[in-house]
Amino acid sequence: MRLTKKDLLGMKDLSIDEINLILDTAESFIEVSTREIKKVPTLRGKMIINLFMEPSTRTRTSFEIAGKRLSADTINISASTSSAVKGETLIDMARNLEAMNPDVIVIRHGASGAPHLLAKRIRQSVINAGDGAHEHPTQALLDMMTIKAKKGRIAGLKAAIVGDIAHSRVARSNIYGLTRMGAQVAVAGPATMLPRFIEQMGVTVHHRIEDAIRGADIIMMLRIQMEREHQNIFPSLREYAKYFGLNRKNIRLAKDDVLVMHPGPINRGIEIAPDIADGPASVILEQVTNGVAVRMALLYLLSGGKA
Amino acid sequence: MRLTKKDLLGMKDLSIDEINLILDTAESFIEVSTREIKKVPTLRGKMIINLFMEPSTRTRTSFEIAGKRLSADTINISASTSSAVKGETLIDMARNLEAMNPDVIVIRHGASGAPHLLAKRIRQSVINAGDGAHEHPTQALLDMMTIKAKKGRIAGLKAAIVGDIAHSRVARSNIYGLTRMGAQVAVAGPATMLPRFIEQMGVTVHHRIEDAIRGADIIMMLRIQMEREHQNIFPSLREYAKYFGLNRKNIRLAKDDVLVMHPGPINRGIEIAPDIADGPASVILEQVTNGVAVRMALLYLLSGGKA
Amino acid sequence: MRLTKKDLLGMKDLSIDEINLILDTAESFIEVSTREIKKVPTLRGKMIINLFMEPSTRTRTSFEIAGKRLSADTINISASTSSAVKGETLIDMARNLEAMNPDVIVIRHGASGAPHLLAKRIRQSVINAGDGAHEHPTQALLDMMTIKAKKGRIAGLKAAIVGDIAHSRVARSNIYGLTRMGAQVAVAGPATMLPRFIEQMGVTVHHRIEDAIRGADIIMMLRIQMEREHQNIFPSLREYAKYFGLNRKNIRLAKDDVLVMHPGPINRGIEIAPDIADGPASVILEQVTNGVAVRMALLYLLSGGKA
Numbered sequence: 055m056r057l058t059k060k061d062l063l064g065m066k067d068l069s070i071d072e073i074n075l076i077l078d079t080a081e082s083f084i085e086v087s088t089r090e091i092k093k094v095p096t097l098r099g100k101m102i103i104n105l106f107m108e109p110s111t112r113t114r115t116s117f118e119i120a121g122k123r124l125s126a127d128t129i130n131i132s133a134s135t136s137s138a139v140k141g142e143t144l145i146d147m148a149r150n151l152e153a154m155n156p157d158v159i160v161i162r163h164g165a166s167g168a169p170h171l172l173a174k175r176i177r178q179s180v181i182n183a184g185d186g187a188h189e190h191p192t193q194a195l196l197d198m199m200t201i202k203a204k205k206g207r208i209a210g211l212k213a214a215i216v217g218d219i220a221h222s223r224v225a226r227s228n229i230y231g232l233t234r235m236g237a238q239v240a241v242a243g244p245a246t247m248l249p250r251f252i253e254q255m256g257v258t259v260h261h262r263i264e265d266a267i268r269g270a271d272i273i274m275m276l277r278i279q280m281e282r283e284h285q286n287i288f289p290s291l292r293e294y295a296k297y298f299g300l301n302r303k304n305i306r307l308a309k310d311d312v313l314v315m316h317p318g319p320i321n322r323g324i325e326i327a328p329d330i331a332d333g334p335a336s337v338i339l340e341q342v343t344n345g346v347a348v349r350m351a352l353l354y355l356l357s358g359g360k361a
Numbered sequence: 055m056r057l058t059k060k061d062l063l064g065m066k067d068l069s070i071d072e073i074n075l076i077l078d079t080a081e082s083f084i085e086v087s088t089r090e091i092k093k094v095p096t097l098r099g100k101m102i103i104n105l106f107m108e109p110s111t112r113t114r115t116s117f118e119i120a121g122k123r124l125s126a127d128t129i130n131i132s133a134s135t136s137s138a139v140k141g142e143t144l145i146d147m148a149r150n151l152e153a154m155n156p157d158v159i160v161i162r163h164g165a166s167g168a169p170h171l172l173a174k175r176i177r178q179s180v181i182n183a184g185d186g187a188h189e190h191p192t193q194a195l196l197d198m199m200t201i202k203a204k205k206g207r208i209a210g211l212k213a214a215i216v217g218d219i220a221h222s223r224v225a226r227s228n229i230y231g232l233t234r235m236g237a238q239v240a241v242a243g244p245a246t247m248l249p250r251f252i253e254q255m256g257v258t259v260h261h262r263i264e265d266a267i268r269g270a271d272i273i274m275m276l277r278i279q280m281e282r283e284h285q286n287i288f289p290s291l292r293e294y295a296k297y298f299g300l301n302r303k304n305i306r307l308a309k310d311d312v313l314v315m316h317p318g319p320i321n322r323g324i325e326i327a328p329d330i331a332d333g334p335a336s337v338i339l340e341q342v343t344n345g346v347a348v349r350m351a352l353l354y355l356l357s358g359g360k361a
Numbered sequence: 055m056r057l058t059k060k061d062l063l064g065m066k067d068l069s070i071d072e073i074n075l076i077l078d079t080a081e082s083f084i085e086v087s088t089r090e091i092k093k094v095p096t097l098r099g100k101m102i103i104n105l106f107m108e109p110s111t112r113t114r115t116s117f118e119i120a121g122k123r124l125s126a127d128t129i130n131i132s133a134s135t136s137s138a139v140k141g142e143t144l145i146d147m148a149r150n151l152e153a154m155n156p157d158v159i160v161i162r163h164g165a166s167g168a169p170h171l172l173a174k175r176i177r178q179s180v181i182n183a184g185d186g187a188h189e190h191p192t193q194a195l196l197d198m199m200t201i202k203a204k205k206g207r208i209a210g211l212k213a214a215i216v217g218d219i220a221h222s223r224v225a226r227s228n229i230y231g232l233t234r235m236g237a238q239v240a241v242a243g244p245a246t247m248l249p250r251f252i253e254q255m256g257v258t259v260h261h262r263i264e265d266a267i268r269g270a271d272i273i274m275m276l277r278i279q280m281e282r283e284h285q286n287i288f289p290s291l292r293e294y295a296k297y298f299g300l301n302r303k304n305i306r307l308a309k310d311d312v313l314v315m316h317p318g319p320i321n322r323g324i325e326i327a328p329d330i331a332d333g334p335a336s337v338i339l340e341q342v343t344n345g346v347a348v349r350m351a352l353l354y355l356l357s358g359g360k361a
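Protein chains in written order, with this note's numbering: chain A, 55 to 361; chain B, 55 to 361; chain C, 55 to 361.
Treat the hints as calculated values from the structure; they're not laboratory data.
There's no promise every hint is true.
Which copy? The list can't say, so a pair holds if one copy fits it or any two copies do.
What the hints assert, rightly or not - The calculated lysine-lysine pairs, modelled on DSS-like cross-linking and capped at a C-alpha distance of 27 Å, are:
#1 K174 x K205
#2 K174 x K303
#3 K296 x K60
#4 K360 x K205
#5 K93 x K59
#6 K205 x K60
#7 K59 x K309
#8 K93 x K360
#9 K66 x K174
#10 K296 x K66
#11 K93 x K60
#12 K360 x K202
#13 K59 x K303
The task is simple: from the sequences and hints, build the whole structure.
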């Protein structure tokens, strides 16, 4: 089976079959990263451009490693060194990159919809590596891969997502993906962090973390953007930790075999207690490992590979 | 035929035969970028250092892609991460890089003559990727490659270069190259943007864009450095666009089959109207594609390859 | 013989046998950088992450070149683009990198002990590329390789290290390494630049450069951090140059065949006179060349290679 899409822009667009195809392909790539020679010749002679208009270590590194493990050439372009400083429009920059004949452009951008705009204008495959507060589909896919590896399935599970739902592309992509795959999703956060009409995405909404995580199979804690502390979105980090942080006490409300997830980087002692982040329920580092495999799968499938 | 030069520093130094050798070699490389496997083993085991002391996306990316398509290893060094911050002299930095045994050093530098200084002091090949307001020879070569591909020749054509001639290394390199190859060159720009004694370079000088582009086969529009707006070099962007911008009205003065060129990044609606930049006469994106091929040709020829 | 250590953290930990193993292996790699095809397949499929939390050109470039000459894949992460800006702890960042299954992590960090902390927490090999004012072992190893190549031995030689001993990781690593290998080490610098209890490291301490370099086989000049000029550590650059700079006059106190070394980047006319830096006694550029070979040796040995 092949992926017939040109681009991977968001979870909203993916069918159940497409999600399964990506997760199964990723599963088959996980072993490459454990070999003595961590490299396959699959994408030799292909060129992948990582166009990061927002700072990122882990996502850019994960895509770069994924590309190199498939023997593709990788080019990094970051905002600070780009001609963004010269006032070029995103579309003009993209069409210039297009003219250099890469195979895939991975883009992270502060503006929602930027990858979609790009994908419409250039013939290469575009992968959304995070656009504004909109979507971060590779994060959701790696999360779902991790859940499937640990639980054997996604359908029927109860997942809680806790934190700044309104500003989180990770939350949005996971809500789309998890509900599509048949999981129940509960969200919780301070009132200022819950978007209006969020129920229309098919989730239940809670104002206390306890209500969201009760009986959960999965808890996804979102990162607090600490630089927003003084924007009156939440009262103080201390209060946030007290009312919305995951800790050894409130985690007891979840199932015994609950998985604790976090997209990273974590704020220890704020949204998640250190002993929970490092504890037996945490799969935070498995998420990172699976991220490389998911990105290998997408680079492979978008380049015409089949499962 | 081989290129006997160690370095590619400027168009001023190149003979007609050398220019033809580079353009023909580039022509033969254009096909590599369209293959399924966009890579040839030509420069395997060679090391190319991209030393960019000024920010650049497209030129650095173009050189990096060119190197990788030839299977060379590429190293990027940018000013912001370099020991330039520690006050090291350029020569000392270059001699240090020399001691690490790369094969080619590509340099962009804000100071005119920096690549020439380097080339004298180190044994490796040096390619000038733009030095101050002096030369940008790979840009001129890709421009000439584009002209030749579209018009079949350069000799006898009438080219107009419009904009900030005084501060443009693109203009200087093209004037050297185009006149050497037998084209007639007319330049136009506001009085503050026309260097003294420019006629001595063998061009005709005009103070109105209309006079320069009348009957032209080629129009090269230069990028306005918008950050200079308040230095009294030109009155306002609006006036600049009105008097020196290329638009659907004044382009009628040129030949019907005129080519519109721009080194990018373009300022839409300032030096060039959007419908002209995206219109049928525009070869702006072909220029970008040809840039990779020209740089492949230079890396190949300077490493001892023959046509 | 193999290196049984997982990590290369400092000269303090290395035995004479280990130092000799590294230097001999480096010696065998020096030739690779002089070939037409400067590349061996030794580390194909290995992944090396260069994690530079302080700016650096030469050390990062040297490691990157070393990795590529061994056919490893290399990933660069610099502080300015890293999630350090998001407040992630070093350990969390490192464990994330660990989860992506690289083979070696090379780290430069402003805090003494950061590489050691890392090495304890992750399973991959860690190489210290400079930590605070603590150690810079690959610099000391390349210095010792250079000495051995020129003098045939290290034991019994008299070495002088001159400058800001207190804040220099280069000085500390060389003191550990040179004394271990049987050289005598004399240090000199202004009183504010000499650490207390430095005699306990087995060196003799001098307050005048003349006293340290008298009869020396080796003079290592340290770089003055000019940004510290106004911190009252030393009176003025001019006075520093006068009293502690190496010049054609005071160098006569050393042996006739003295080697002049400097870790770079040099401040011409401050700690070292230009004619000395470029003169016949100087091996500053050989140090740089040997740096690539030493780093190739370490990457090779830490990946399980044997001499």
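We went through each hint and held it up to the structure:
no.	hint	result
1	K174 x K205	neither (37 Å within a copy, 31 Å between copies)
2	K174 x K303	neither (49 Å within a copy, 30 Å between copies)
3	K296 x K60	neither (45 Å within a copy, 41 Å between copies)
4	K360 x K205	within (26 Å within a copy, 43 Å between copies)
5	K93 x K59	both (26 Å within a copy, 25 Å between copies)
6	K205 x K60	neither (31 Å within a copy, 35 Å between copies)
7	K59 x K309	neither (37 Å within a copy, 43 Å between copies)
8	K93 x K360	both (18 Å within a copy, 23 Å between copies)
9	K66 x K174	within (17 Å within a copy, 42 Å between copies)
10	K296 x K66	neither (33 Å within a copy, 45 Å between copies)
11	K93 x K60	both (25 Å within a copy, 23 Å between copies)
12	K360 x K202	within (21 Å within a copy, 42 Å between copies)
13	K59 x K303	neither (45 Å within a copy, 42 Å between copies)
In the structure shown, a violation is registered for the earlier hints numbered 1, 2, 3, 6, 7, 10, 13, in ascending order.
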